[in-house]
Every structure is written in structure tokens, then in C-alpha cells.
Amino acid sequence: MMARRGFLALPALLALWPLARWLRPSPLPDVPPLSAPTGGLSVYHLGHSLVGPVMPHMLAQLSPAGHRWNSQLGSGTNLKQHWEPDLAILDFETVNQPPTYRDARAGIGSGDYDAVVLTEMVELRDAIRYFDGAEYFQRWADLARAGNPNTRIYLYETWHHLNDPKGWEARIAQDLPTLWLEKLSGDDSRNTPERPAYLIPAGQVMAAVAEAAEAGKIDGISAREDLFARSPQGALDTIHINDLGAYVVALTHYAVLYQRAPLGLPHQLSRPDGSKADSFTAQAALQVQRITWETVLAQPRSGLAAANPAGGGG
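Just so it is clear: in the sequence shown, position 168 is 167 by numbering that gives the first Met the number 0, and no numbers are missing.
If you're looking for bench data, these hints aren't it; they were derived computationally from the structure. These numbers come from a predicted model, not from an experiment. It is possible that some hints are incorrect.
[To be verified] Restraint ranges, calculated between C-beta atoms of paired labels, are given here:
1) Asp131 to Leu235: 17 to 23 angstroms
2) Pro28 to Ala145: 19 to 25 angstroms
3) Gln232 to Ala297: 36 to 42 angstroms
4) Pro24 to Tyr129: 17 to 23 angstroms
5) Ser230 to Glu92: 19 to 25 angstroms
6) Asp186 to Glu83: 38 to 44 angstroms
7) Asn162 to Thr191: 36 to 42 angstroms
8) Arg104 to Thr177: 28 to 34 angstroms
9) Asp186 to Pro31: 32 to 38 angstroms
[Stated by the list, open to error] Straight line, CA to CA, 25 angstroms or less: simulated DMTMM-like cross-link-like pairs of lysine to aspartate or glutamate:
10) Lys182 to Asp163
11) Lys165 to Asp111
12) Lys182 to Asp277
13) Lys165 to Glu122
14) Lys182 to Glu168
15) Lys182 to Asp111
16) Lys79 to Asp111
Even glycine gets a Cβ: it sits at the ideal position worked out from N, Cα and C.
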């Protein structure tokens, strides 16, 4: 009887097969390659503590003269919280201070920025499932597009807790295509293929730098933990980066925003309060710069022409 039921169910399953294929998302369209800016950019950062104040400040020090930036941040803040005025943003008053703070709705919609960089909270799966991450990503991107037809929009890919039960490297590798590019920004990419959100693959670069460090290929550091913050008592922060990690992420932003190799950029930078940031050795900085550039080039959605040859996949 069981065998007959299974046999009778087979035609029904076969009938559904074309529907399943039809419901499968179409491949993401290729992104048009970008030209390198000729001068400093005006950049708006929207996000949370994995943006933070240090990384954009470092990016400004790496960038050509004229680079300026504003932001709206929070702690663990998702894109929906930034959009909806009745939703609270944790630590809003603490992390949003002049001169860099500017209201997100007014700033992104103003058309004043050459580049708008958006990121979503982690856990990313929760942001997509419970906080409508894809919908609000598209709202923010559309607001930027409406404000200025020349504004470039970027998706800042971050990372996960070092002690993620599924593995830090595994989550970074798996989540880029499935969550960041498909679930979070896929609809936006398909709806606006001529003006897509380009990828700043900071999670991929962090993983590549960590792998190189643990293989003994970076002077002065030997573990992924060397990129992450610690409490005054020495306890490891498994998600927030230290000055070295901020430098890696700033290099990644530079490579994508300016469409240039970050080779030879300064490595001894300051924090926003003017104090000297912890830095890589000169040798390590060049090693990290090379890894950053190679990793960015390996991502077609970064917008670099060399990463997206004619006919290449997106």
C-alpha cells in the first residue's frame, strides 16, 4: 500500500517541478563596472557599531583630499529602526555626535553624497526574517537614488561572532551569496540593474587576512583574534574590531569606493579623538593591503572593471 501511494504521488510531484523552477529566483544581473573617482568623495554611512567612528575616520585619512563623511549609527541597529521614527535606536545619543552625525533620512535623501554605504545588523538572518531587512534596504537605496541620479550605493558586508557555532569562516563564506547578495539586496539588484548596490566585501577581506595571519603570512600577528577588541581586563570581544581590524575594513572601503589598489597607503593613523591608533608594522600593512586588493578583485559585484569582465557572472 505504501509503495502504491508513493507511485501515485510521483505524477503530482512531476507536475509541480516546472512551478518550482519558475519560482526559483533569477540570477542576479551583472553590475556595470565603475570608473575611479578623480578626487575625494562625500560619503554617508548608515549602520551600527561595525561601522563605528574609527573606521570612517581611518578611511578619510587614507582617501584623497576632499573626502568627507557623515553617518547615523546605533548599537545593534537594523535598517528598519533607522527608517521608522517611532522605533528606538540603542545608544543613539552616545554614538551620533557632531560634526559627523547627520540625520539619515535628510542626509541620504539630500543628494549631497557621492556614495551611500548601507549595512544591516547581525544576526543577518534575524534582520531579514524578523525586521524586513530586504524591504528596508531597498527603501534606503531608493531614497539615495531619488536624491541624486549620480549617487553610488554600496552594501557593506560584515562578519559574525568569532564563536559562531557554525564556524566564523564558514558563515562568512556561505552568507555572502545566500544572505547578503540574495536575501538582503537581491530584489533591489533585480529591480534596479542599471543602478545597483555595489559590494564592499569587508567580511571576505577579514576572513582572508585572518587566514593569512594564521598561516604565518602577516608580520606581527598570528590569529584572527588579533583583529578584534578586548576589554580592559583582556576579555575578547567576539564581534567588535580593534584598530587593526578597523584598518582592514577601511582599506576595503577605500579599494571599492575609489576603485584603486590600496597598495602603499599610510598605515600609522589616528583615532577620532586625535590619539595614535594601534597599527600594523610597515611590512604587515603592505601584506594586508595586497590581500585586500586581491580579495576585492575576486568579487565581481565590487564594480571594478578588472573583477567583472564582459560576459562575466554577477
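Against which earlier hints does the structure fall short, listed by number upward?
1, 6, 9, 11, 12 and 15
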